[in-house]
Every structure is written in C-alpha cells, then in structure tokens.
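Asks: Residue strings, one per chain:
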Amino acid sequence: MKRVRSLTFRRPLACLIGAGLMAALWAGLPASDAVAQGTGKAETGGQAQPGKASPTPSDWRDPLRKFAQRKKKDERLPAKADQQPKEVVEADVSTRTIAVTSAFTGTEIVVFGSVVNSRQPSAEAGYYDVIVVLEGMPTPLLARRKSNVAGLWVNTESVAYESAPSYYAIASTRPIEEIADEPLLQRHAIGLDFARLAPAAQSVLEIEPAELKTYKDAVIRLKQKEGVFIKADYAVIFIGKSLFRAAISLPANVPVGPLTARVYLFREGDLLSSFQSRVRLEREGVELWLYRFAMKQPVLYGFFAVLLAVVAGLLASAAFRRRDTA
Amino acid sequence: MHIYLPIAEMSVNVLLFLGMGAAVGFLSGLFGVGGGFLMTPLLIFSGIPSAVAVGTGAAQVVASSVSGAMAQYRRNNVDIKLGAVLLIGGIVGSVIGVKMVRILNLAGQFDLFIALAYVTFLGVIGTLMLIESIHAIQRTRSGTSRALRQSGQHNWIHRLPLKMRFHRSKLYISAIPPLMIGAFVGFLGAIMGAGGGFIMVPAMIYLLRVPTNVVVGTSLFQTVFVSAVTTVMQASENYSVDVVLGLILIVSGVIGAQYGAAAGARLKGEQLRLLLAALVLLVCFRIGWDLVVTPSELFSISKTFGVP
Numbered sequence: 302m303k304r305v306r307s308l309t310f311r312r313p314l315a316c317l318i319g320a321g322l323m324a325a326l327w328a329g330l331p332a333s334d335a336v337a338q339g340t341g342k343a344e345t346g347g348q349a350q351p352g353k354a355s356p357t358p359s360d361w362r363d364p365l366r367k368f369a370q371r372k373k374k375d376e377r378l379p380a381k382a383d384q385q386p387k388e389v390v391e392a393d394v395s396t397r398t399i400a401v402t403s404a405f406t407g408t409e410i411v412v413f414g415s416v417v418n419s420r421q422p423s424a425e426a427g428y429y430d431v432i433v434v435l436e437g438m439p440t441p442l443l444a445r446r447k448s449n450v451a452g453l454w455v456n457t458e459s460v461a462y463e464s465a466p467s468y469y470a471i472a473s474t475r476p477i478e479e480i481a482d483e484p485l486l487q488r489h490a491i492g493l494d495f496a497r498l499a500p501a502a503q504s505v506l507e508i509e510p511a512e513l514k515t516y517k518d519a520v521i522r523l524k525q526k527e528g529v530f531i532k533a534d535y536a537v538i539f540i541g542k543s544l545f546r547a548a549i550s551l552p553a554n555v556p557v558g559p560l561t562a563r564v565y566l567f568r569e570g571d572l573l574s575s576f577q578s579r580v581r582l583e584r585e586g587v588e589l590w591l592y593r594f595a596m597k598q599p600v601l602y603g604f605f606a607v608l609l610a611v612v613a614g615l616l617a618s619a620a621f622r623r624r625d626t627a
Numbered sequence: 476m477h478i479y480l481p482i483a484e485m486s487v488n489v490l491l492f493l494g495m496g497a498a499v500g501f502l503s504g505l506f507g508v509g510g511g512f513l514m515t516p517l518l519i520f521s522g523i524p525s526a527v528a529v530g531t532g533a534a535q536v537v538a539s540s541v542s543g544a545m546a547q548y549r550r551n552n553v554d555i556k557l558g559a560v561l562l563i564g565g566i567v568g569s570v571i572g573v574k575m576v577r578i579l580n581l582a583g584q585f586d587l588f589i590a591l592a593y594v595t596f597l598g599v600i601g602t603l604m605l606i607e608s609i610h611a612i613q614r615t616r617s618g619t620s621r622a623l624r625q626s627g628q629h630n631w632i633h634r635l636p637l638k639m640r641f642h643r644s645k646l647y648i649s650a651i652p653p654l655m656i657g658a659f660v661g662f663l664g665a666i667m668g669a670g671g672g673f674i675m676v677p678a679m680i681y682l683l684r685v686p687t688n689v690v691v692g693t694s695l696f697q698t699v700f701v702s703a704v705t706t707v708m709q710a711s712e713n714y715s716v717d718v719v720l721g722l723i724l725i726v727s728g729v730i731g732a733q734y735g736a737a738a739g740a741r742l743k744g745e746q747l748r749l750l751l752a753a754l755v756l757l758v759c760f761r762i763g764w765d766l767v768v769t770p771s772e773l774f775s776i777s778k779t780f781g782v783p
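Protein chains in written order, with my numbering: chain Z, 302 to 627; chain B, 476 to 783.
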C-alpha cells in the first residue's frame, strides 16, 4: 500500500533519518534502532530490538555488521549439541496471495507446519511450544496525545515512529511469557510488547523514556482496538506428533501490503528452530485500478471524480424531471 | 453488505452509508441547502478519516448542486457575470484552503481545526437563522410583511473602487466584495467539505443585496465550479477523494433529495428555516461536545494521508 506513496515521501524520510543520525552523532547519545531500520534492513528479518533506545553506540554505527551478526546467530541457534537429529520446523500458509477487492471483508490465514524429527509422544504432550507471528510491513506512524488547552481537548504532543508493523498477529501454544524469557522474545520481536516499534531519532532525543513507554503502550492498545494487533494464546494447536496449525484472522481494515509469517519452535525455553514465509496481500480488480489511478495520476483522478459526480447528478436530475412531468 | 473503500482503506457497510446519504439528501432537499455541512461531520462521526470526508464531500457537493444549477440556469436565474467574479475568488480561496488542509493534517491539528470551523460557523449561522425565523413567524402571526431588499439603501460596500455593472442582478457595485466573499466561501468549502451555500446565500442577500430570485441560482452556479476545482485539488494535493464512497453518497443523496423537496413543498418557509436552524445548532453542539468533554482515550494514532 505504501509502495506507491513511498516514491513521494522517500526523500523527506531520508532527510529525516540523515538529520537524526547527525543529531545522534553530535549529541553522542544512543540512537534508536529506528536508524538502523530506516536504512532498509528492518524488513529482511534482522532481529532488531523493538522500540527502546538501544544502549550501545555500535548499534547505529555499524548496522550492517550487526545485521550480519544477527543473521549468523540465528543460524547457529538451533544447533543444540545432541546426538539425536535436530528438530527443525517447516511451515507454510494456507493462502500465499490474498486479493483485496471491493468485497473484501477480512479473511483468515491458516499457518500450518510440522516439526521434523519430532520427539513428541503425542499431540497433547506439550513437549514443544510453537509461536506463529504474522506481521505486516513496517510503516511510519504518528502517535498523538491530547491535553486540555483552555477548555478544549487538543492534540499537543506527538511521537513519530519511523516504523511500526502495520499489522501484527501472534498465536502460540500457550502464553508466550511461559514459553521463553523476555530477552529471547525481544531479540526475535515476538509478542505485542516486543513488536518493532521504532521511534524517530528526534522523538527519542526529545522525550523521556518513561513518556516513550506510555506512547508505546498507547500505540499497542489502539492497534489492538483497531483489530490489527492480535494476540491469541493457545491458538497454535498440535494435530499429531509433529503437525500443528494456527488460524489467524485478517480483519477488513488490515493495511494492504506484504505480510511475513514467522514460525518459532521452542523447547523448555530454548529456541530450536524458526521458519519464515510470506503472504501477499494485494489489491485486485477495480480496487487496484482506482488506487493506482488516484495515487499515480491524482489530477486526472480528480477530474474523473468530478466527471463522475456531474454525470451522476445530471442523470438524477433527468430522472427527477421525468417523474415531474409524469 | 460491505464494500471496501479504496482510498479510505476501510470496509464499510454500504447500507449504512446509503442511509446516511439518503437522510442528508432528504434534509438538503427539504431545506434547499447543499447538505455538505451535514454530510462531512456525519462521515467523520462514522469513522471515515476527516481528510477523506472533506475531500469526498467536495465531490458530493458537485453532484448535488449540478442539477440545481442547470435548472436555475434554464430559468434564467443565474447572474453569470457575478457568478464568474465569485468563482474567481472562490478558486483562490479553495487553493489556499486545500493547502491549509495539507499543512494542518501534517501538524495533527486538522481534526481540531475542522471542529472549530464547524462549531463557529454552524453556531453563528444557526443562531442568526433561529432569531430570523422566530421573528418571521411572529411577523406572519401579527400580519405584517417586510421586503427583504430595500433598494436605494447604501452601505460601505458601495463606496469601494473597481465598480462593475451586474445587469442580471441590477447591481452596480465594486468587484472587491464578491471576490472576497467568493474567496472566503471557497476557503471554507475546501476545509469543511461543504459547498458553503449556507454562507454564500446570506452574504449575497445581506451584504451585496442581490435580488433573491438570482441569489440561489448564482450561488449554485459558483458552487458547482468551486467544488469541482476543490475536488481536483483535494485529489491531487491530499489524495483524499474516494470515488466509491462518493458514488454511494451521491446516488442515495439525490434520491433522498427528491423526497425531501416534495416534503418541503408542504411546509412553510419560516417553519423550514426554524427547523433548519435547530438542525444546524444540533450539529454544532454535537461537534462542540467532543471538544470540551474529556475523551476516554487521550492518545490517537494516524498514518499521514498522502505525502507526509
């Protein structure tokens, strides 16, 4: 959805990031992950810490190297020294491409998969824990707070987020707090609280951490209210020794764009394996045509809207006259 | 029955919006007003982002006034020259207004601004109409009548330079006041998503002293063009015109207006104005309420529409 628009706002965004970097360098203060994410690494699955300002300066000095390290770490993780063959999770989604047409009223995606080399005696054993995360694109977001100014409720403060998932759904075999420790969950952006909410560098410098936390909680709360942040404990169900499934709902107001499905396999608090898959959520038919028209040729679209309005108005007037004389 | 709106990016109940369009259409037919000032707040209350509500409102105003303007034109009730002068002002005002929407949207103050604009104008106009209609009703009860236009009466407006002769309106006045009025109404139309007839008509009658038979036609004439320009501007600057939503509202609005007009023919003018005044004040109060009452949620999130 943002793909087309990004053409137009990429430059100011780049400036903003640049300015943020400069400001961070100048002040010698820790910058947020937003900087690293803003450079385009966020979507590739780099396990960045969410929201919070990271304490280490190396965080922003060398995002590329850090990213590479993270990747390596990910690959190493399942390597638990064991004689038996390692468990590996494999998964897929029920629908790879979802069409958003004028009749789109939301849908449901089933994420299913299996544990290769499963040592689980039965489906009910609870030997493994599986967490499924379905995440939308990182999109810029603005959170505002109202306060009372001379008797009126006015937006006074705001925090800009360089990126926040447009959609974030998490399903698990049991509450994620029971599955693994916070640092591990945070590292992999598992859980609503650890979704990658990266405040703009400017906001990080200006606003106190406690305040930032309030904003973050508000964003999560509001997104949950909108139905685009979803948490479903016990929604991942094992069907056999190795087969599992999770149904995740996509509401009608889900922002259009690619989605990433991440599946994590845990055993006693350790991450054994993970798997990633993609879901395409795309406009189709008239929706796509209108949207492209409105975004790519806005002036022409404006004239088209006027023409449509005039025709509709005149047709109605003609109908009215007929009724008048009849 | 739901339909996905491509620009507002949400799925809405078609029946709800058809009903809303028909209701506003009925009222606009009943009172002979554009209805934009009712439609935009209703759209915002129902969850449409305010920028989209205003942008789509402009398109809806085009549709609801074009047939009226044509009818008035056929009856020779349009002062083209005066309309053109108003239109020039209107386009300037509209351009400024659309830019203003963009700036306010970025600053996060658009919702506040639109609410304040509505409260102010609906409050003032509603109160004036209420007073006027009560007086009129009292006058008809006591049996006296008063001509709206007293010819030969002059005010400061008639002493301005750049005089022009408007034959159809039998006026010889400066071009500055119509330009200013046009610009003001165009500006308001752009930020409020309304045609501005509810300001234009009283301004023409009381400030310019245009004969009443020409007022409505000329006002509609310029409304069509200014709204058309506003629609194109909103689409190109703010990407906020949703044609699917627009069509739903237009179709239902036009049908509603027919029944409204039929119902209006059975009511007296003063009573209609009294009712309209009450309605205007009600909308004003409803919008004002949200501004002063402590909201349950102090935070709000938004993705900026169009170019951030």
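Derived by calculation from the structure, the hints in this document are not laboratory data.
A few of these clues could be false.
For lysine to any residue, the following SDA-like pairs were computed, each having C-alpha atoms within a straight-line distance of at most 25 Å [unchecked claim]:
#, chain 1, residue 1, chain 2, residue 2
1, B, 778, Z, 457
2, B, 638, B, 676
3, B, 778, Z, 485
4, Z, 526, B, 522
5, Z, 514, B, 778
Since we're looking at a predicted model, the values are computed, not measured.
Asks: Evaluate each hint against the coordinates.
Replies: Going through the hints against the structure:
no.: 1; hint: B:778 - Z:457; verdict: holds (17 Å)
no.: 2; hint: B:638 - B:676; verdict: holds (21 Å)
no.: 3; hint: B:778 - Z:485; verdict: violated (30 Å)
no.: 4; hint: Z:526 - B:522; verdict: holds (13 Å)
no.: 5; hint: Z:514 - B:778; verdict: holds (20 Å)
Hint 3 from the list above is the single one not met by this structure.
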